[in-house]
Each structure stands twice: as structure tokens, then as C-alpha cells.
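Number of protein chains: 4
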Amino acid sequence: MSIQTSIATPAIQQQYQQIRALTEAICRPLEPEDTVVQPIVDVSPPKWHMAHTTWFFETFVLTPYLSGYELYHPRYSFLFNSYYNAVGSRVQRHQRSTLTRPPLRDIYAYRQHVDEHVYQLLQQIRDEELAELLPVLQLGLQHEQQHQELLVTDIKYILSTNPLLPVYQPASQETDARGSTEARFLEVPGGSYTIGYQGDGFCFDNELGVHEVRIEDFQIMNRLVTNREYLEFMEDGGYKDFRHWLDEGLAMVRAQSLEAPLYWLKQENEWYRFSLHGLEKVRPEAPVSHISFYEADAYANWAGKRLLTEFEWEAASQVYPPQSGNFTDSQLLEPLPADPAKDGLQQLYGDLWEWTYSAYHPYPGFTKAPGAIGEYNGKFMINQMVLRGGSCATSGSHIRTTYRNFFHPDKRWQFTGIRLANK
Amino acid sequence: MSIQTSIATPAIQQQYQQIRALTEAICRPLEPEDTVVQPIVDVSPPKWHMAHTTWFFETFVLTPYLSGYELYHPRYSFLFNSYYNAVGSRVQRHQRSTLTRPPLRDIYAYRQHVDEHVYQLLQQIRDEELAELLPVLQLGLQHEQQHQELLVTDIKYILSTNPLLPVYQPASQETDARGSTEARFLEVPGGSYTIGYQGDGFCFDNELGVHEVRIEDFQIMNRLVTNREYLEFMEDGGYKDFRHWLDEGLAMVRAQSLEAPLYWLKQENEWYRFSLHGLEKVRPEAPVSHISFYEADAYANWAGKRLLTEFEWEAASQVYPPQSGNFTDSQLLEPLPADPAKDGLQQLYGDLWEWTYSAYHPYPGFTKAPGAIGEYNGKFMINQMVLRGGSCATSGSHIRTTYRNFFHPDKRWQFTGIRLANK
Amino acid sequence: MSIQTSIATPAIQQQYQQIRALTEAICRPLEPEDTVVQPIVDVSPPKWHMAHTTWFFETFVLTPYLSGYELYHPRYSFLFNSYYNAVGSRVQRHQRSTLTRPPLRDIYAYRQHVDEHVYQLLQQIRDEELAELLPVLQLGLQHEQQHQELLVTDIKYILSTNPLLPVYQPASQETDARGSTEARFLEVPGGSYTIGYQGDGFCFDNELGVHEVRIEDFQIMNRLVTNREYLEFMEDGGYKDFRHWLDEGLAMVRAQSLEAPLYWLKQENEWYRFSLHGLEKVRPEAPVSHISFYEADAYANWAGKRLLTEFEWEAASQVYPPQSGNFTDSQLLEPLPADPAKDGLQQLYGDLWEWTYSAYHPYPGFTKAPGAIGEYNGKFMINQMVLRGGSCATSGSHIRTTYRNFFHPDKRWQFTGIRLANK
Amino acid sequence: MSIQTSIATPAIQQQYQQIRALTEAICRPLEPEDTVVQPIVDVSPPKWHMAHTTWFFETFVLTPYLSGYELYHPRYSFLFNSYYNAVGSRVQRHQRSTLTRPPLRDIYAYRQHVDEHVYQLLQQIRDEELAELLPVLQLGLQHEQQHQELLVTDIKYILSTNPLLPVYQPASQETDARGSTEARFLEVPGGSYTIGYQGDGFCFDNELGVHEVRIEDFQIMNRLVTNREYLEFMEDGGYKDFRHWLDEGLAMVRAQSLEAPLYWLKQENEWYRFSLHGLEKVRPEAPVSHISFYEADAYANWAGKRLLTEFEWEAASQVYPPQSGNFTDSQLLEPLPADPAKDGLQQLYGDLWEWTYSAYHPYPGFTKAPGAIGEYNGKFMINQMVLRGGSCATSGSHIRTTYRNFFHPDKRWQFTGIRLANK
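Protein chains in written order, with my numbering: chain X, 1 to 423; chain V, 1 to 423; chain U, 1 to 423; chain D, 1 to 423.
If you are wondering where the hints come from, they were derived from the structure by calculation, not from laboratory data. The structure displayed is predicted, hence computed values, not measured ones. Please note: incorrect hints may appear among the correct ones.
Listed below are the simulated DSS-like cross-link pairs for lysine-lysine, each with C-alpha atoms no more than 25 Å apart in a straight line [claimed, not checked]:
{"hint": "1", "chain 1": "X", "residue 1": "K240", "chain 2": "D", "residue 2": "K240"}
{"hint": "2", "chain 1": "D", "residue 1": "K305", "chain 2": "D", "residue 2": "K240"}
{"hint": "3", "chain 1": "V", "residue 1": "K423", "chain 2": "U", "residue 2": "K379"}
{"hint": "4", "chain 1": "D", "residue 1": "K368", "chain 2": "X", "residue 2": "K379"}
Far from chain U, by Cβ distances over 12 Å, these chain V residues were calculated [unchecked claim]:
{"hint": "5", "residue": "Y168"}
{"hint": "6", "residue": "A171"}
{"hint": "7", "residue": "S192"}
{"hint": "8", "residue": "E216"}
{"hint": "9", "residue": "D247"}
{"hint": "10", "residue": "Q267"}
{"hint": "11", "residue": "D297"}
{"hint": "12", "residue": "M385"}
Backbone N, C-alpha and C fix where the C-beta goes; we use that ideal spot for every residue, glycine too.
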């Protein structure tokens with residue numbers, strides 16, 4: 001992780017306060033019962049997210065830097081350490097999904113306890129130590145922002161499994177359709193592009209190793225693929241025609257009898273989708289979301305186009321730098337249609353993570369940090385595909401054009417979408 | 001189900017009140033988060049037990065008998081009907097373990113709503129209708145008592161999976177050892193015994209079909225097998241020696257690397273067990289509990305004895321009629337050692353369900369009641385073994401010497417124990 | 001095992017020769033490739049059956065009784081010992097289904113080698129030793145007869161998985177329908193019947209423990225249920241209606257989408273079945289075969305009847321002693337329709353094993369023989385149901401009215417059928 | 001596929017003859033029983049390989065080009081078409097592993113039938129048609145060479161599962177150690193390299209899309225990693241130390257309790273390995289083989305080095321062009337130690353496929369051919385890693401420096417090894 005240490009104490013304290021508060025705001029609409037379940041292995045209980053992000057600060061900030069700090073609870077380090085892999089003994093064969101204790105109210109108390117001690121530390125720390133501490137604190141906050149996105153997607157999944165179809169928050173007016181934006185393809189000239197993070201703020205280790213990559217001329221679609229376009233693919237038998245699919249994608253589609261994106265439900269011949277606003281009709285101009293890499297790739301094949309590589313995406317972001325996006329800051333938590341009034345490249349930032357046809361591998365010269373923090377990214381560099389640009393569940397302060405998100409190609413519970421390239 | 005209808009309205013109302021109150025008393029020490037999880041498929045979330053028993057009264061008592069009754073919630077019948085097997089549609093692929101809504105407080109409200117309407121019904125019902133209603137009401141109460149036992153065993157299992165080893169209730173003084181009671185074998189003379197329920201109170205359909213069974217002379221052990229005795233089996237390599245085991249039992253023991261009863265844990269060379277009082281040392285004179293039929297049978301083989309058949313057990317109960325036992329009424333929720341001061345047959349009632357070497361099959365002339373209530377027992381009459389006598393988690397008013405409980409031979413989370421026969 | 005030792009040497013030698021020859025006759029139509037596969041875990045490769053039965057004689061007859069005998073191959077004991085359960089080391093993680101070596105021709109050589117030494121032993125053995133040897137030899141032959149039945153059913157299953165639908169042997173004229181035999185119910189008077197083997201020939205240990213069982217009056221169907229009758233059940237939605245089914249049976253039917261007996265196939269609206277004669281139309285008057293206990297029980301429920309217990313079956317065989325049956329001796333290897341020209345109880349012997357509603361449990365006083373032979377029956381006495389009467393794949397010399405066969409209630413690849421009782 | 005059509009008829013006929021003959025030579029040491037099993041899903045029965053490669057010529061060469069050609073058997077197209085994915089009907093729920101028919105001798109007859117008709121076609125075909133046919137024929141032969149490699153690796157796996165540890169062919173003298181070759185790292189200068197096939201012979205579609213890739217300076221190890229070196233990793237606890245492993249690799253190692261390469265077996269404290277010559281001691285100077293990508297990557301991390309990308313490998317092959325290698329042509333079928341007498345880059349061709357840290361993705365401009373042949377490569381371009389250079393089971397005439405082989409990162413049954421890069 002790379003970070004400059006010029007941030008003043010009050011600034012970091014304010015940033016800490018805001019980010020920590022957002023986590024609790026996200027969880028506020030939940031019942032205690034909602035925070036304990038794990039319907040699929042990808043989804044963690046919200047309670048666990050709240051505790052695990054707190055454990056990070058206790059372990060890497062308070063224990064080493066605040067002298068005399070005593071752990072809130074001696075077993076919490078065991079319970080909320082996501083890195084710990086040892087096989088449990090017999091009575092303790094727990095899984096995250098059966099951890100009913102500590103109850104949610106204790107997790108809030110744990111958060112408060114740690115926050116108060118972090119503030120205390122920031123008051124008393126000497127400047128030399130602060131320089132050393134700041135990168136760790138910054139990493140903890142970036143880490144918490146990542147878990148905020150997971151909180152949103154995990155809550156959505158948890159509520160979707162309930163036949164009562166609970167509403168997390170009512171729909172905003174802004175999420176209504178804005179009308180149709182025509183699909184166009186914008187030129188990105190070939191040549192040598194510099195890939196990787198070169199700034200002086202925070203970035204993850206997987207963005208380092210700045211290097212040149214040669215790109216051929218190509219065209220990038222001006223917006224994300226819409227539900228309307230995706231429905232054409234569905235209605236054309238797209239899920240049934242093996243010619244569009246990678247073999248493992250086809251196997252997944254058949255084994256799970258998939259015929260639509262995640263959360264879609266057909267009722268009386270009309271498509272609905274479950275969202276954080278409850279069940280609602282599919283809005284044609286909104287970008288298609290909650291699709292796997294396999295579906296994105298099959299759609300592209302059907303459309304006679306292809307997905308971008310992560311290098312083409314980053315090159316395009318240099319040609320058409322994104323200014324803003326629909327992030328968590330909008331509090332909509334659903335992607336918006338493109339704006340028909342706008343020219344140029346839209347939705348590169350926010351709305352939905354864009355699947356690229358690039359495997360999540362190390363950049364040249366990638367090295368892992370020593371110690372536990374070194375496990376952060378490198379050990380996942382196999383069998384996953386890179387996604388770029390952030391989503392409506394990402395914080396605007398968290399994203400960069402060099403940011404590399406990554407998921408297995410079959411995952412659908414994230415806010416994922418499709419951007420096409422044309423040769 | 002057989003039931004006499006001479007019970008007066010105030011009596012049934014009081015009985016209803018007491019039984020319904022016990023369910024809530026059992027759940028009182030729980031956090032809302034405890035009531036939602038399902039660590040193994042055998043265990044149901046406590047919240048579900050509370051709602052399902054209530055659904056029974058709503059569906060079979062209020063809807064048909066209380067004119068103008070409106071359902072508390074139109075979807076609860078779907079959520080809390082254990083009989084309903086249809087495959088859920090896509091968004092609704094719920095399992096009991098992810099049903100975070102309705103929250104626990106709504107379940108309490110649901111219970112109160114149904115209880116109030118049952119009281120209202122009992123006030124206004126005419127005598128002719130009461131005669132028809134009483135058997136259904138009685139069945140609902142018996143059903144709730146069965147779920148009370150499951151609540152206790154499921155709560156124990158849920159808490160046991162938590163590394164914090166939570167205490168459900170502190171240990172009582174009475175559960176301390178009383179000293180050792182010598183094992184003796186009491187004679188039961190051979191001959192023809194009448195099996196099945198012949199009284200005029202309530203019984204389940206599986207106890208009917210009274211018939212004669214011929215028994216050979218045999219001897220019955222005066223008490224349950226103790227932890228001390230079972231430890232000898234363990235220390236003699238009992239879990240490793242294939243000669244003691246049924247083949248499928250051996251496969252289970254090997255696949256799960258079993259070497260002790262459920263909830264046992266070895267720490268620093270000493271055996272502990274998780275109980276509703278938290279983790280405690282294994283008490284040598286208490287009866288060994290939470291063992292499968294396979295372990296009971298292997299122990300008996302090792303000891304050169306055998307298990308009783310259910311007919312032998314019922315015959316013994318005619319020769320040595322049990323008077324009392326350690327039931328939920330004692331509020332101990334753990335089995336007690338036998339009493340060294342007593343002669344004769346002990347622990348036939350209460351403490352632990354006793355595995356018999358009898359498959360759970362229909363008695364001659366068994367017929368299922370028409371309708372949903374007919375699904376109560378008959379459809380489970382395969383691959384399960386009969387257990388007799390009730391346990392410390394059974395209500396004293398629920399048991400009879402003809403009562404037939406049944407579980408698959410590999411199950412260990414119930415309060416099960418071992419009684420030996422000698423040829 | 002109980003056996004009288006009055007059999008003369010030439011008689012046993014001739015019996016040995018005949019039984020061993022039948023095994024090879026059963027395998028003669030096979031290709032070497034047919035003898036090596038194991039499409040489901042219940043089915044063993046024919047090559048393995050041929051070797052395993054030979055291993056029995058080598059291990060329990062030649063090694064202890066023929067001085068100077070050397071094992072045919074030092075590893076065969078490991079390969080062909082069905083009792084051996086140890087976990088294999090890494091290179092050797094074999095399963096029966098990948099044991100391509102030794103090739104079939106070596107197995108024939110192994111059989112010949114062992115046979116020659118058995119004859120040599122019989123020539124030279126002294127009378128006192130013969131008395132000790134005969135029970136073992138007899139057990140080996142009974143064991144081989146059991147594997148002959150498995151050979152027939154396993155070969156049928158193996159060939160059925162091949163899209164070429166290979167013919168094992170052409171159909172005989174005798175298997176054609178004989179016309180319809182009306183179903184009638186014959187009286188069996190209630191009372192006390194003696195159950196178990198009392199003769200002076202061979203029997204298995206599970207038939208011993210002769211004891212009295214009290215039976216109520218009942219009626220037994222005069223023949224097996226036919227395909228025509230079973231089709232009525234199917235066409236009445238029998239496989240879909242949960243009311244007929246045990247719960248675990250229903251779960252199996254749904255999980256496997258069952259809608260007909262094993263080997264049935266619908267083509268152009270007509271039912272065919274795969275048999276050892278290839279694919280043929282379902283013959284309406286032949287008894288329905290290859291059904292599970294669950295299907296037998298569901299059919300009986302649908303018909304308003306029930307299955308017999310094993311004690312009722314044995315009692316009926318005392319009232320209506322069977323004289324003959326369609327066994328392997330007929331070389332038909334398929335069940336025949338009942339004979340409309342005959343009165344009385346038909347098909348009690350042969351044609352199809354009849355599922356009873358009795359769990360396979362020990363008789364009173366059951367004891368296992370010491371040593372490996374003691375593992376023969378006792379360790380399987382859980383979760384299995386008793387079948388009676390033998391089938392078209394059983395040798396006539398192998399069956400008795402006290403013979404207890406047993407399979408799990410979900411098994412369908414044996415020659416199993418339905419006999420009904422009426423209260 | 002790209003192919004020049006200047007090859008004369010006699011030349012292609014000779015090439016056809018030689019390649020087809022090699023397939024049968026590889027299978028000659030097998031028993032019929034060896035050719036039918038499928039111990040793991042990756043391994044196909046040898047019989048199937050022999051038939052499937054023949055089906056290719058029947059389907060794509062004879063049926064379209066030889067007028068009047070009749071299929072050898074109408075069902076073989078169904079049986080031996082690896083592309084066919086439809087769910088089988090009930091009787092036909094075959095898997096490759098239970099296809100005992102057609103027997104091996106019929107497969108030989110099928111091969112002969114197709115070969116004769118191919119020769120007949122080549123005699124009578126007109127030049128214009130030959131130009132069209134040649135690419136297909138060439139693809140069929142390349143396809144058969146690929147299956148020859150699979151035949152060798154599948155046979156090795158099949159025999160390895162047999163406790164008799166059968167010998168496929170005796171070891172040759174040449175496979176003895178040649179002494180130790182010191183590990184050195186050779187410079188490959190950074191810059192822009194042209195990647196992909198530019199020649200005028202045959203290549204696969206996945207090698208086309210020639211493009212420039214920019215490489216940084218790096219060093220390449222002069223030979224493959226040896227067993228001796230790999231044993232140091234093992235003895236240093238390499239399989240236990242999570243720091244060396246990708247997370248999914250660690251999960252595999254733990255789930256399968258891996259502690260050595262495939263086929264290794266420890267006996268009396270010494271390491272042996274199963275090979276096509278039977279069980280033999282691990283030879284220290286031979287290259288370590290049958291390791292997964294995960295093991296290759298973990299070894300590289302432990303050694304403080306890394307694997308090459310496929311682009312670096314191809315660049316190195318331009319700087320140090322390989323001349324020859326240990327291919328099937330040597331008939332050794334095992335990798336050889338490097339030659340201590342030689343300088344420079346060794347073993348780039350042959351011996352073992354070298355895992356690269358490159359995902360198997362399309363080159364820029366990749367397009368699939370229309371029709372069934374288009375399914376050849378493109379649909380596998382996910383979750384697999386590229387391997388380069390061929391192995392001792394590859395034909396020398398089959399390899400190119402641009403050749404891209406690919407397997408999932410957990411696969412170990414191929415002849416795979418490790419080549420290190422140093423930054």
C-alpha cells in the first residue's frame with residue numbers, strides 16, 4: 001500500500017468518524033436477526049462485517065500504538081479475524097453463520113469502545129509515530145469502505161431470500177427512468193499506455209508496478225448495457241444457445257437453470273426484480289446488473305462485440321477521464337440509467353462494476369508486504385477476473401481509475417454490469 | 001389420536017395457558033440472534049418453533065371454529081407450515097435458516113394474537129362444538145410439548161457451536177453427583193404382554209393397535225449406563241474396534257472421526273462437556289447422554305449385553321411401573337445420577353430417552369387419520385429406531401409407558417442414553 | 001451357520017463343481033470390458049465377484065486345510081477381500097471400479113488354480129477333518145450362490161447404462177404372457193407361529209433363534225402385483241401423490257424425478273423396459289419388478305392394502321407351502337406371469353423377492369460367530385428391510401421359507417416385487 | 001486454424017499413416033480391461049480416445065468428402081462425440097466410464113474401416129477438393145496427436161490406481177541420471193516482442209492474432225527445477241507454510257492432504273514415484289513433474305523467484321531458440337535430467353510442459369471459426385493457465401514456440417514442471 005503522510009490529525013479523525021458512521025448508517029434499517037445469517041458462502045453476516053472492520057483497528061492500530069490498551073474481549077480476535085484458517089476443535093466447529101453471540105448490541109459497544117480509543121490515541125500520539133501510523137489507519141479505512149460495499153450487497157442478498165420480500169429503503173424519485181440513451185462507440189487510439197497508480201495518495205499494492213502496455217485501436221461503448229438490450233438477448237434464446245458461452249459458463253447456466261440475471265422473477269408474464277426497495281418491475285433503461293462474467297461475455301458474443309481488457313479500460317479512462325458517478329454518496333444504492341442529454345463516455349465511474357476480460361494477476365514486480373497485511377491481495381491472484389470503475393455501493397472517495405476489483409467469473413451478487421468494446 | 005372429551009373448559013384453558021407459557025419461558029434466556037440460525041438440518045431455529053406451534057392453533061383451531069377470524073398475516077401459513085414441500089421460486093429460495101424476518105418480537109405478537117383468540121373462542125363455544133374441538137386442541141398442546149423438547153435440544157446445539165460457550169442457565173445444586181449406584185439386572189418374566197395404549201386419555205395414533213406380543217425371559221439393568229462406565233468403553237478402544245459396531249455405525253464413526261459422545265471435549269487430558277450450564281467436567285455418575293443408537297449398540301456389544309426391544313421395555317414397565325422421573329418440571333434440563341439409596345428399577349421415566357433395538361414401524365391395524373393430521377406419524381415409519389421413557393427435556397404430563405419416540409440411528413443431539421438387557 | 005456333516009465327499013465335490021461352473025456360465029456372454037466397471041456403488045464389477053468368491057475358498061478352505069498350499073498371488077487377498085476397510089495409501093487409492101488388473105483371463109486362471117487345489121484337498125482329507133471343513137465349504141458355496149444372484153443383477157445394471165442396449169441373452173418363448181390371473185386374497189389364520197430354521201441342513205445365522213410369534217388373522221394375495229396393475233397406479237398419478245408415500249420415499253422420488261420402475265423407458269407414448277434380452281415392451285401380466293420398498297409400500301397404500309411382515313410371510317408359507325418356483329435353474333432370468341390355470345398361492349418361491357414391512361433385525365438370542373465369518377450378517381442389521389422367497393436370479397437349491405434377504409428400502413436393482421396383504 | 005495446402009497427397013497419406021499408427025502403438029501394451037475405466041473425470045478411457053479421434057475423421061472428412069460413405073455404426077457418432085452435451089434419457093444415463101461396449105476389438109475395426117476409407121478418398125480426390133480437405137485432415141492429425149499425449153497421461157493415471165503397480169514399459173538406460181547441472185539464470189533483454197504464429201504451416205486459432213507485447217528485462221533459469229531442489233522445498237515445510245501459497249492452492253493442499261507431487265509415495269523413509277516403468281526411486285536430477293500450477297507457484301515463492309508469463313517464455317524462445325527436446329519420438333515417456341555438458345538454455349522443448357503465470361485468454365482479434373470446429377479452443381478461455389514447450393508425451397512434430405497448452409491450475413496428471421524467472 002502506498003500512502004502519503006501529510007494528512008493532519010484533525011483531518012484523519014474526521015475521515016475516520018465519517019467512514020465509521022457510514023457503516024452504522026448502512027446497518028440501521030436491519031433487525032438484529034438480519035445481521036446473523038449467511039445464506040451462501042459468499043455472503044457474510046452483517047454483524048460480522050461490523051465486528052471484523054473494528055477488529056482491524058484494534059489489532060493493527062490500538063494494540064501496537066496505544067500503550068496500555070486492553071482488548072475489548074479476549075476471544076474477539078479469534079471470532080472476527082478473517083485470516084484465521086485453523087480447523088476448529090469439536091465443540092467449536094462454528095461457521096460464521098451460527099455465531100449468534102456476541103449479539104448485535106455488543107458489536108455496537110465494541111465499535112464504540114474501539115472508536116473512543118482511536119480518538120484517544122490520535123489526541124496523544126507524537127508526530128513521528130503518527131507518520132508511521134497513518135498508512136495503517138488509512139488502510140483500515142479503505143478496508144472498511146470495501147466492507148461497506150459488501151454490507152450493501154450482502155444485505156440485499158439476505159433480504160432477497162425472504163418470502164416476505166422486505167424493503168430495505170423506499171425507492172427515491174431519482175431512480176426513475178430518464179429516457180433512452182442511444183448506444184454509440186467512441187474511439188480509443190492504439191499505442192503504449194502507462195498502467196498502474198502513479199499518484200501520491202493511497203492505493204493498493206495490486207495497482208503498483210507501473211508499466212507500459214501496448215493497446216491496439218478499439219472502440220468503447222458510450223454507456224452500460226441496459227435491461228432493455230439484455231432482454232433482447234434473453235428473448236433471442238441467449239441463455240439456451242451454447243455458441244455464445246464459455247464452456248464453464250454454459251455448465252453453470254444449465255446446472256442452475258439460469259434464464260435471467262440474479263434477483264429477476266417472472267410473474268404473470270412480466271419481469272420483476274428484487275431490489276433494496278423491494279420487488280419492482282424491471283426498468284428498461286437502467287443498466288443490467290447482478291450478472292456474472294459468463295453472462296457478460298455471452299451477451300457480448302451474442303451482440304457481436306466483446307468485453308474490454310482491464311488495460312483497455314484504463315487506457316479509455318485516460319482518453320475520457322471520468323469526473324463523477326453514482327456512488328453510495330447518492331444514497332440511491334441502485335444503478336441509474338445513462339443521461340440522454342449527455343455526450344461522451346458515461347457511467348465509467350459508479351453505477352456498476354464493469355467486468356473485463358482480464359485475469360486478476362500481479363503486475364510486473366509485484367511484491368507482497370511482509371506480515372499479515374501482505375495477505376491482503378496477492379493470495380487471491382488466481383481464477384478471478386478484474387472489474388473496474390466502482391458501483392452505486394462504492395464510496396466515491398474510494399475509487400480510482402487504476403482501482404482493480406476482482407471476483408470469480410460466476411459471481412452475481414455484486415453490482416456488476418456490462419460495457420462493450422468494438423474492435 | 002384418541003382422546004376423551006370430559007375436560008371442562010376452564011381446565012383446558014388453564015392447561016393451554018401453562019403449556020404455551022412454558023414455551024416462552026424456555027426461550028426467555030435467548031438473544032433475538034439466537035433464534036434465527038440452523039447450524040445443522042436437524043435443528044430448527046427457535047423462532048420457527050415458536051411460530052410453527054402457533055400456526056398449528058391458528059390453522060386447525062381458529063380458522064375452522066372461530067367465525068370471522070382473520071389470519072394474523074397472510075404469508076405466515078406459508079412460512080411456518082412444516083408440511084409444505086413445494087420448491088420455492090427463484091427469489092424465494094429460502095431455507096428456514098435464512099428467515100430473518102419476521103423478527104422475534106413479531107413472533108411474540110403472533111403468539112399473543114392467537115392466544116387471545118383461542119381464549120375468546122373457549123368463552124363463546126357451544127358444548128357440542130367443544131366436544132369436537134377438544135381433541136384438536138389437545139393435539140395442538142401435545143404437539144407444542146414435543147416442540148418444547150426440540151427447543152431445549154436445539155438451543156443446546158446452537159449454543160454449543162459458539163466458541164464463547166454461552167451459558168443458558170446456571171447449574172443447580174441438585175445436578176451434583178449423589179455417589180455411585182451399583183449396576184444390577186432385574187428379572188422380567190417371559191410370556192405374552194399386551195402392547196399399546198389402552199387408557200382413556202390422549203395418545204398418539206402410533207400407540208394404538210393394541211396387540212399381544214410374546215417375550216422371552218430377560219433381565220433389565222436397574223439404571224442407565226453412566227459416564228464412568230462409558231469412559232471404560234472409550235479407554236478400551238471401543239470407538240476403534242470394528243467388532244463392536246454395526247457397519248453403518250462404523251462408517252459414521254470413521255467419517256466423522258468420532259471418539260466420544262456429542263458435546264464432549266478433551267482439554268489438558270481431561271474430559272469436559274458442553275451443557276446448558278456452559279462447559280463443565282464430565283460427571284462420572286451421571287448417565288452418558290447424547291449418543292447415537294450406533295454408540296448405544298456398540299457399547300452394549302462391548303459390555304457383552306444388548307439393548308432392549310421396545311416390547312421388552314414396555315413389558316418391563318408393566319412389571320416395574322415407573323412413578324416419577326427427572327422431567328422439564330424439575331427445571332434441571334440435564335440428566336441426574338441414579339439414587340444409590342433406592343432399590344429397584346430407576347430412571348425408566350425421564351433423564352434420557354432409551355434407545356431400543358426396534359424399528360419404528362406400524363402396529364397391527366395402524367391407520368392414518370384423513371387430512372393433514374394424518375401425516376403426523378405414519379409417514380416417518382422407516383429407517384428410525386424407537387426410544388422410550390422421556391427425558392429431562394420432556395414434560396412429565398407428556399409421557400406414557402406406551403409412548404413411542406423415534407429418531408434415525410445416527411442422531412446424537414437429543415437427550416438419549418443407554419439401558420442394557422441381559423439374556 | 002448351521003450345517004449337518006453327513007454329506008459324502010463325492011456329493012460335495014459334485015455340488016462344488018456345479019456351483020462354481022454356474023458362476024462361469026453366467027459370465028460367459030460378457031466381454032472382458034464388461035467385467036471391470038462399477039456404474040453405481042451397489043454394483044460390483046463381475047470380475048470382482050468371480051475373484052472374491054474364489055478368494056473365500058482360498059482363505060477359509062485351502063490356507064487352513066491344505067498343507068503346503070501357496071497363495072496364487074500375494075496381493076489377491078488384499079484386492080478381493082470385501083471385508084478390508086483400511087484407507088489406502090496414496091498411490092493405491094483404488095476403488096473396485098478402476099481395478100483393470102488382473103485381467104479377466106487371470107481371474108479365470110485363479111479360479112482354476114483354486115478349484116484344482118480344492119479337489120486335491122477333497123481327495124486327501126481325513127474324515128475327522130472333513131467334518132470340520134464341510135460347514136466352511138458349504139458356507140463358501142452358499143456365498144457363491146449369493147454372488148451369482150448379484151452377478152445377474154449387476155450385469156443387467158451395467159448393460160443398461162450402455163446406449164447400445166446390448167442383449168445378454170435372447171428371450172425364451174416361455175417368457176411370453178400366459179394370460180391374466182385374477183387377483184384373490186387367501187386366508188391365513190391368526191395364532192402363534194414358530195419362526196426360524198428348524199431343519200438339519202444349511203442355514204444362515206440370521207435364521208436361527210427359533211421363536212414363537214403371534215400373528216393376527218390376515219389375507220394374502222394369491223400372486224405378485226403385475227405390470228398392468230402397477231401401470232394403473234402410475235396413471236392415477238401415484239408417483240406424484242404424497243399421501244401414498246413414506247416421507248423418505250417421497251424425497252427419493254422427487255430428488256431422482258422417478259415416475260416408473262427401474263429400467264422402464266417411455267418411447268413414443270409406449271412403455272418399454274430394458275431386460276437381459278435387450279429393450280422390450282412392458283408385458284402387462286408379468287409381475288412388476290425392480291421397484292424399491294418405497295414404491296412397493298406406496299403401491300400398497302394406493303391399493304388400500306399393505307405389505308406383509310416377514311413373520312406373516314413365513315406363517316403363510318406354513319399354511320401354503322411352496323413347491324417350486326422360477327429360479328435360475330429355468331435359465332429365464334426374468335420373472336414369469338402367474339399361471340391362470342392354477343388355484344392357490346403362486347410365486348411365493350422365485351420370480352421376485354418380496355419386500356416385507358419388517359426391518360432386518362436379530363432374532364432373539366442371535367449371536368455372531370467368532371472371527372471373520374461372524375461379520376457375515378450381524379453387522380448389517382440396521383436400516384434394511386427383509387425380503388422373502390427368492391427370485392429368478394436365485395438358485396433353487398439356495399432358498400428356504402426361512403431365508404431372510406435384506407436390502408435398503410431405496411434399492412431397485414435387485415429382482416424385487418410386491419405381494420399384498422389384506423387385514 | 002491456419003494451414004498451407006502445398007502438401008502433396010503421398011506426403012499427407014504417409015503422415016496420416018504414421019500418426020494413426022502411433023496411437024495404436026501407445027495402446028498396444030494395454031489389456032482390454034485397461035481401456036474402459038475413468039478413475040477421475042479428467043481421465044478418459046483409452047478406448048474412448050481411440051474411437052473419438054476416429055470419429056473426427058469420419059465426421060469431418062469422410063461424411064462430407066467421400067460420396068456414398070456410410071457410417072460404420074449409426075450410434076458411434078453419439079458415443080464418441082466429445083462435444084455432445086445433452087442430458088441422457090433414463091436408461092441411457094451413461095458416463096464414459098461405464099461404456100463397456102463397443103469392446104476394444106470393435107474400436108480397432110472402426111479405426112481400420114475409417115483409415116481404409118480415408119486412403120480411398122485420398123486416391124480419388126480431385127486437386128480442388130484436396131485443397132479444401134487438407135486443412136481439415138491436418139486438424140484431425142493435430143487433434144490425434146493431442147489425444148496421444150492424453151493417452152499417455154491417462155494410461156499412467158489408470159495404472160497408478162492399481163495396487164499391483166503394473167509396468168507399462170520397462171525403463172530405458174537413457175533415463176538414468178546424467179549428473180547434476182548447476183542452476184543458472186540467463187538474461188532476456190526487455191523490449192517489444194512479436195507474439196503469435198507468423199509461419200506458413202499449421203497452427204491453432206489461439207496462436208493467431210499476432211501482436212506486440214512489451215517485456216521488461218528478466219532472467220530465465222537454464223533448466224527445469226529438479227526433484228532434488230523440490231525435495232528441499234518439501235523438507236523445509238513448503239506444503240505447510242501458507243505464506244508461499246495462493247489461497248485456493250492452500251485450500252486444495254489442505255483438503256487433499258498433499259505433501260508431494262502426484263505419484264510420489266514414501267516407503268520406509270524413502271521417496272518413490274510411480275511411473276510408466278512401475279514404482280521407482282525418485283531420481284534427484286530429473287525434473288520434478290506432475291505438479292499443479294499451485295505447487296509450481298508456491299515453489300517459486302519459496303525460492304524467492306517467480307514463474308514466467310507466457311509472453312516472457314515466447315520472448316525467451318526468440319532469444320534462445322530451442323533446437324530439439326525429449327519428445328515421444330524418444331519413446332522414453334519420462335523426462336530426462338538436464339545435460340551437465342551443455343551450456344545455455346536447456347529443456348525449453350520437451351521433457352515437461354512449463355506452467356506460466358498467464359491466464360489462457362484470447363489474443364487481440366481472436367475469432368472462432370464457424371461451426372463445430374469453432375468450438376475447438378475459444379470456449380475454454382477461462383480459469384485455465386497457459387503451459388509452454390511440450391513434454392516427453394508430445395510429438396516433436398506437434399510443438400512450436402508459439403504453441404499454447406492450457407490446464408486448470410489444480411491439475412497434476414499431465415507432464416508438468418517448473419521453470420523459474422528472476423526479475
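Hint check:
{"no.": "1", "hint": "K240/X - K240/D", "in the structure": "violated, 44 Å"}
{"no.": "2", "hint": "K305/D - K240/D", "in the structure": "holds, 19 Å"}
{"no.": "3", "hint": "K423/V - K379/U", "in the structure": "holds, 19 Å"}
{"no.": "4", "hint": "K368/D - K379/X", "in the structure": "violated, 33 Å"}
{"no.": "5", "hint": "Y168", "in the structure": "holds, 31 Å"}
{"no.": "6", "hint": "A171", "in the structure": "holds, 36 Å"}
{"no.": "7", "hint": "S192", "in the structure": "violated, 7 Å"}
{"no.": "8", "hint": "E216", "in the structure": "violated, 5 Å"}
{"no.": "9", "hint": "D247", "in the structure": "violated, 4 Å"}
{"no.": "10", "hint": "Q267", "in the structure": "holds, 28 Å"}
{"no.": "11", "hint": "D297", "in the structure": "violated, 8 Å"}
{"no.": "12", "hint": "M385", "in the structure": "violated, 8 Å"}
Of the numbered hints listed earlier, those contradicted by the structure are 1, 4, 7, 8, 9, 11 and 12.
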